[in-house]
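What follows is each chain in one-letter form.
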Amino acid sequence: MSTTVNAVTCPVCGCLCDDIELTIENGVIAKVKNGCAMCESKFLSYKNEHRNKTPLVRKEGKLVPVSYDEAIHKAAEILANANYPILYGWSSTDCEAQRVGVELAEEVGGVLDNTAVVCHGPSILSVQEVGIPTCTLGQIRHRADLVIYWGCDPWSAHPRHLERYTTFTEGRFEGSEWKEYMNKVKASAGKKKLLSLERREIVKRKPEPIIEKVTVNKPPETLSKAGRKLIVIDVRKTMTAEVADYFIQVQPGKDYELMLAIRALVKDHELDVDQVAGVPVEYLEELVDAMVNCEFGVIFFGMGLTQSAGKFRNVDVAISLIRDLNRRTKFAILPMRGHFNVTGANTVSTWQSGYPYSVDFSLGYPRYNPGETSVVDVLLRKESDAALIVASDPASNFPRKAVEHLVANPLIVIDPHMNATALLGDVVFPAAIVGIEKAGTAYRMDHVPLPLKKVVEPPEGILSDEEILSRILEEVRVIKSQKMQEAA
Amino acid sequence: MVQQKLRVTLLTGRTIEQGVGKEAGKGTKEYFESTSMCYMDAGDMKKLGIKNNTNILVTTSNGSVVLRAVKYPRGAMPGLIYIPYGPWANAICSSNTTGIGTPSFKGTPAEVEPAPDKPILTLEELLRSEFGR
Ligand code: SF4
Chain A
1 MSTTVNAVTC PVCGCLCDDI ELTIENGVIA KVKNGCAMCE SKFLSYKNEH RNKTPLVRKE
61 GKLVPVSYDE AIHKAAEILA NANYPILYGW SSTDCEAQRV GVELAEEVGG VLDNTAVVCH
121 GPSILSVQEV GIPTCTLGQI RHRADLVIYW GCDPWSAHPR HLERYTTFTE GRFEGSEWKE
181 YMNKVKASAG KKKLLSLERR EIVKRKPEPI IEKVTVNKPP ETLSKAGRKL IVIDVRKTMT
241 AEVADYFIQV QPGKDYELML AIRALVKDHE LDVDQVAGVP VEYLEELVDA MVNCEFGVIF
301 FGMGLTQSAG KFRNVDVAIS LIRDLNRRTK FAILPMRGHF NVTGANTVST WQSGYPYSVD
361 FSLGYPRYNP GETSVVDVLL RKESDAALIV ASDPASNFPR KAVEHLVANP LIVIDPHMNA
421 TALLGDVVFP AAIVGIEKAG TAYRMDHVPL PLKKVVEPPE GILSDEEILS RILEEVRVIK
481 SQKMQEAA
Chain B
1 MVQQKLRVTL LTGRTIEQGV GKEAGKGTKE YFESTSMCYM DAGDMKKLGI KNNTNILVTT
61 SNGSVVLRAV KYPRGAMPGL IYIPYGPWAN AICSSNTTGI GTPSFKGTPA EVEPAPDKPI
121 LTLEELLRSE FGR
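Sequence order for the protein chains is A and B.
Per our numbering, residue 1 is the first one in the first sequence, and the count goes up by one each step.
Per our numbering, residue 1 is the first one in the second sequence, and the count goes up by one each step.
If a hint is listed, it holds; no wrong ones were tucked in.
Calculated cross-link-like contacts (lysine-lysine; reagent style BS3-like; alpha-carbon spacing at most 27 angstroms):
| # | chain 1 | residue 1 | chain 2 | residue 2 |
| --- | --- | --- | --- | --- |
| 1 | A | 213 | B | 46 |
| 2 | A | 382 | A | 480 |
| 3 | A | 31 | B | 29 |
| 4 | B | 71 | A | 237 |
| 5 | A | 191 | B | 71 |
Think of the hints as simulated: they come from the structure by calculation, not from any bench.
Construct the entire structure; sequences and hints are all you get.
Structure follows, in structure tokens:
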């Protein structure tokens, strides 16, 4: 028997595309329509052999299968007895589980942190400092005629971002540039054909020269055309840069400089240098003309700003640039959030505790000081004495020195799949996959909440993150009250 | 002239292959192949006298790791290497959080040398060598 489910939300990246069509055959997802490669990979491989199948507890150095009850008791014991546990992850689960996470963190007096700390934490810090002129992706889809991706590569990390929200989408007031792009591709394919013909005739042709130097090209005429324009600014030519109207290769670590120069030009100041961060000033002037003359522009930024030198200062100056531009035209700025519900993790944490990430409950009330209460720093200072990791893989994604302390203490992992962290864990829970086997809520990168659907049943007996966390919380309370009674 | 070693700046980040691999599962071959590699500038590879898919040893002040060198297919990026996010990249990435909690995953100084005879560790081997589990 086969059924089709429409309007499924894809639980992979921050685009949270909600137009996925799934064909279910005999209770198994058989076909995925509209999704990108990552989406298909998730929906089609959810049943593969790398799933965790039963709870595991490490005994004599080996992970052995146990019941949920035993694992939950063990996990609760670890957390209830810890002085300063870490509760980390959260970005790939639903808001419902995140909410229980906050409660649990408060109950055990731990540090609650989500993956924003290793990606857009700096963006949040700057937003708290200078505010953010922003909008939803819907507005961009219908109105934006200038899209700039700075230090991010949606073609690789958010594959449908261009097709659904920016350059290649048919908005109400702005059309798609897809046809133009295809024409360009065809033209260059034609050129390649000619070249290969040529090559066959001229036998002694030199091998293609290796380009040794980075050269920034002159802005194309098309930068002043009507309709949507796409500009990419990055330290290397990314996939997205290949489809852009104009690509600027900035020298590594010099985004801040370049941004300041652009700010000066937007304010009609003269620059008395020839180039900034490897980009000739005359090209920058043309770029600024395009920015100032657009109807509605938007800058999307990514890890290229937040993870390289300057970090939140880079975002500060980007937001300030948007403010300057708004004196002359309309502009907005959005961070490209990675995991499908990292925005939700920040939102839930904020509405429950007042702070979006790196929240320390050890004093009985929430404290927030990234750099001190952030999980990587807690680990590097070797202060934590246990950890609960939910739907995340810090053993793969944290610097090695931080992981060393993480695995030196009891480690609880809740994840549908076996990953590096689960391999190193002491208590490992399998979980239902949120958005496939469990319904819930997630926040898109522009803070629009969307429903996640349950389309198939989880493997028999497998609980969701929310249920596992609630049961751990209950058990922690039982253990704590027993301890109080014993003490009394 | 062929050089023995090359000083570079290490960037880490996403690739679509890594994205597809991570969704398929961290234990899969796709994930291994897409994260235990390193994009290099064609000119830099020539300087070291290495070809596409030669193994290289990348060293930073945090450690060393063997990876497969792949020629960066789009334009020049002399002096830069790019390793997709994953356990191999993080074995050598800087852990400096510059006081705000976010490690510097981009812009770590590194050295690259050819290592055609050294094997790339699997995920399990890598974890065992790093953390003894
Ligand atoms: S772009 Fe992101 S949300 Fe959309 S289908 Fe691809 S992985 Fe899913």
